[in-house]
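In order, the protein sequence lines correspond to chains A and B. Take the first sequence: its position 418, counting from 1, is numbered 418 in my numbering, and each next residue is one higher. Take the second sequence: its position 35, counting from 1, is numbered 35 in my numbering, and each next residue is one higher.
Read the hints as simulated data drawn from the structure, not as lab findings. Don't take each hint at face value.
Result set (DMTMM-like, lysine to aspartate or glutamate): computed pairs, CA atoms no more than 20 Å apart in a straight line [stated by the list, open to error]:
(1) A/K182 / B/E35
(2) A/K361 / B/D104
(3) A/K182 / B/E20
(4) A/K500 / A/E192
(5) A/K182 / B/D16
Since the structure is predicted, the reported quantities are computational estimates derived from the model, not experimental observations.
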Amino acid sequence: MTNDNRSELLLIVAPIGRDAELMCGQLTAHGMRGVACRDVREMAERLRDGAGAIILTEEALDPESVQVLNRTLAMQPAWSEIPIVILTGTAVIGAKPRPLDPMMRRTNITLIDRPVRIQNLISAAQSALRARQRQYDIRDLMGELEERVHERDRFLAVLGHELRNPLGAILLAAQMRDEDGKLNGDHADLIERQSRHLTRLVNDLLDLSRVAAGKIVLKQELVDLRDVAEEAMRVLQPSAEQQRVGIRLERCEQPVVVKGDPVRLDQIVTNVLSNAIKYTPAEGHVALALANEDGEAVIRVTDDGVGIAKDRIGAIFELFAQAENAIGRAQGGMGIGLALVRNLMQLHEGRVEAHSEGVGKGSKFTLRLPLATDAEMTAQRQKQQTDKRAAADAKIPPRKIAIIEDNQDVRDLLRLKLARHGHEVVTAGDGEEGLHVLISQKPDLALVDLGLPGMDGFEVARAAREQLGSDVVLVAVSGFGQPEDKRRAIESGFDEHITKPADVNDIENVLRRFPPRNSAPSTNV
Amino acid sequence: MSSSILVVEDYPDLRDAIAEVLSRNDCVCDCVDSEGAIAKLRTTQYTAILLAPRLSIKGDPVLTYLAQNQPGELAHVVLMSDPLSSDDLPDARCHLLTKPFGRDELLAQIAAAQ
Numbered sequence: 001m002t003n004d005n006r007s008e009l010l011l012i013v014a015p016i017g018r019d020a021e022l023m024c025g026q027l028t029a030h031g032m033r034g035v036a037c038r039d040v041r042e043m044a045e046r047l048r049d050g051a052g053a054i055i056l057t058e059e060a061l062d063p064e065s066v067q068v069l070n071r072t073l074a075m076q077p078a079w080s081e082i083p084i085v086i087l088t089g090t091a092v093i094g095a096k097p098r099p100l101d102p103m104m105r106r107t108n109i110t111l112i113d114r115p116v117r118i119q120n121l122i123s124a125a126q127s128a129l130r131a132r133q134r135q136y137d138i139r140d141l142m143g144e145l146e147e148r149v150h151e152r153d154r155f156l157a158v159l160g161h162e163l164r165n166p167l168g169a170i171l172l173a174a175q176m177r178d179e180d181g182k183l184n185g186d187h188a189d190l191i192e193r194q195s196r197h198l199t200r201l202v203n204d205l206l207d208l209s210r211v212a213a214g215k216i217v218l219k220q221e222l223v224d225l226r227d228v229a230e231e232a233m234r235v236l237q238p239s240a241e242q243q244r245v246g247i248r249l250e251r252c253e254q255p256v257v258v259k260g261d262p263v264r265l266d267q268i269v270t271n272v273l274s275n276a277i278k279y280t281p282a283e284g285h286v287a288l289a290l291a292n293e294d295g296e297a298v299i300r301v302t303d304d305g306v307g308i309a310k311d312r313i314g315a316i317f318e319l320f321a322q323a324e325n326a327i328g329r330a331q332g333g334m335g336i337g338l339a340l341v342r343n344l345m346q347l348h349e350g351r352v353e354a355h356s357e358g359v360g361k362g363s364k365f366t367l368r369l370p371l372a373t374d375a376e377m378t379a380q381r382q383k384q385q386t387d388k389r390a391a392a393d394a395k396i397p398p399r400k401i402a403i404i405e406d407n408q409d410v411r412d413l414l415r416l417k418l419a420r421h422g423h424e425v426v427t428a429g430d431g432e433e434g435l436h437v438l439i440s441q442k443p444d445l446a447l448v449d450l451g452l453p454g455m456d457g458f459e460v461a462r463a464a465r466e467q468l469g470s471d472v473v474l475v476a477v478s479g480f481g482q483p484e485d486k487r488r489a490i491e492s493g494f495d496e497h498i499t500k501p502a503d504v505n506d507i508e509n510v511l512r513r514f515p516p517r518n519s520a521p522s523t524n525v
Numbered sequence: 001m002s003s004s005i006l007v008v009e010d011y012p013d014l015r016d017a018i019a020e021v022l023s024r025n026d027c028v029c030d031c032v033d034s035e036g037a038i039a040k041l042r043t044t045q046y047t048a049i050l051l052a053p054r055l056s057i058k059g060d061p062v063l064t065y066l067a068q069n070q071p072g073e074l075a076h077v078v079l080m081s082d083p084l085s086s087d088d089l090p091d092a093r094c095h096l097l098t099k100p101f102g103r104d105e106l107l108a109q110i111a112a113a114q
């Protein structure tokens, strides 16, 4: 008997005459299922396998049976309070208390006086079964939640593991300064490479959470996947070279244009390609191919790497299922990237499939997206070309920029980067000092960390707006990139919001959007 | 006196960084991924083995090979791993270096394992 069936089963203890048999008959006639038990002890045995409710006659409850019943009820799990229907004997006014009276105060008991009307018994039994079904539902829900908590714990353990290798490489490289305290180019490259890897990991994690919450909104435009593929190849070429894996793009002569978010499409292709490189040993090969097939844009990423076991193919895009096997794998691979790929493909009304002949036999990932129409393709391509030319023409004149950031390393790095691009930079380490710098130095643009100690970035923005009006461009810099965070920043007086870690490109893009004020730029660079 | 160290690590950037720290401190290193480790151990004697165990730590093939063929070498193994309790160490003779680690911890554990 299955658990579900057991939740509909009524255990009946009616030791005198044919009461049990008659009750079973009536219950069956009303679509329920009763099982007669010899006594409370047998009922307690059967209850261990699960039941929907208990029906007892009062004469079955001698003191020893009440004890057995009490013990049985006390052993129930937290979710369980089995309903009990008791058919009482005739009550005599002034009679001594029944043995079941103390039990009634802490158990789900319904009393039905005899002689019993059938419809009362049926109604009580149906009500008891409904109540019991709710308890089983709660049990199942608790089980699911418990499993999710375990999955989350396993995931966090794998995440911790995943972060250790890149952090270890960064730490050792950072400690290899020359005698003059400077890092050589190789070490700086390693630190940058691993920092970018960690940034991608964190971004993917945040994006997964945003997809799950339905918070990713695609900025749809027409995108030629050949551009996306070339960019992914360019970005991943260094890591492929470092792993001595050959990567090749099989170019497509025809445009492969889809309607989608270019940033997300780039994320999809980069993640699949990066996954293939990661799981291909040195001297192996990875190929990225594009095609127009049957009204669909098709991206194929093929490798001759470690392959996928047949029984793992189905779980390859499952975040937690991948995490399950990832501990101890030096290359990492908790499946964040692939889980995100699947979700982003679904958002684009596309699909992704993995194929492998087995472990050691390489893998093939096939992504399919709906092709754009010819008319849309032509119009969009012209617009993109115009925009590209306009962006390339926009030169950034030197500006006076304030950095208000409590993390000294982040502050110094931003200062150096911006100074290298010719800007005059002033800095502050907290909100109060930052506000003073804004008012006294009157920069063109201020990058303000939102999570400042004491006076936070929102307060700085509000106070700066009050005192400086629109004379300064205020840019919020924070680790929180959700639309809600951006909205709050704009409401506090910021003009823009960028998510940490701020890249030179991000800052330059903001600078492009805000042309300098009429006053001549400072020459004190 | 220079030491000869076998570094077994599949994460290339970490393996390269470890190798450079060790070579700057007068150690001679052979660096391999886990596939190549056993072949090296068959032919070469090392003063210490720096090992990132694969998959389940108790099922690491290098540790299994050492336990079966060169059990005395286990005392010269430094496991680079997530934090482990002493109960989880596959062999009590192994040394533990918790990732991520810095130069000083690395050199200290190598010295202890020789």
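Consistency of the hints with the structure:
The suggested pairing of A/K182 with B/E35 is violated, with an alpha-carbon distance near 35 Å, which exceeds 20 Å. Note on A/K361 and B/D104: the hinted pairing is violated, with a Cα-Cα distance of about 41 Å set against a maximum of 20 Å. Straight-line distance between C-alpha atoms of A/K182 and B/E20 comes to about 16 Å, which keeps the hinted pair within the 20 Å bound. As the CA atoms of A/K500 and A/E192 are separated by approximately 15 Å, the hinted pair is consistent with the 20 Å bound.
Pair hint A/K182 plus B/D16 holds up; C-alpha atoms about 19 Å apart against a cutoff of 20 Å.
This entry does not satisfy hints 1, 2, going by the numbered hints stated previously.
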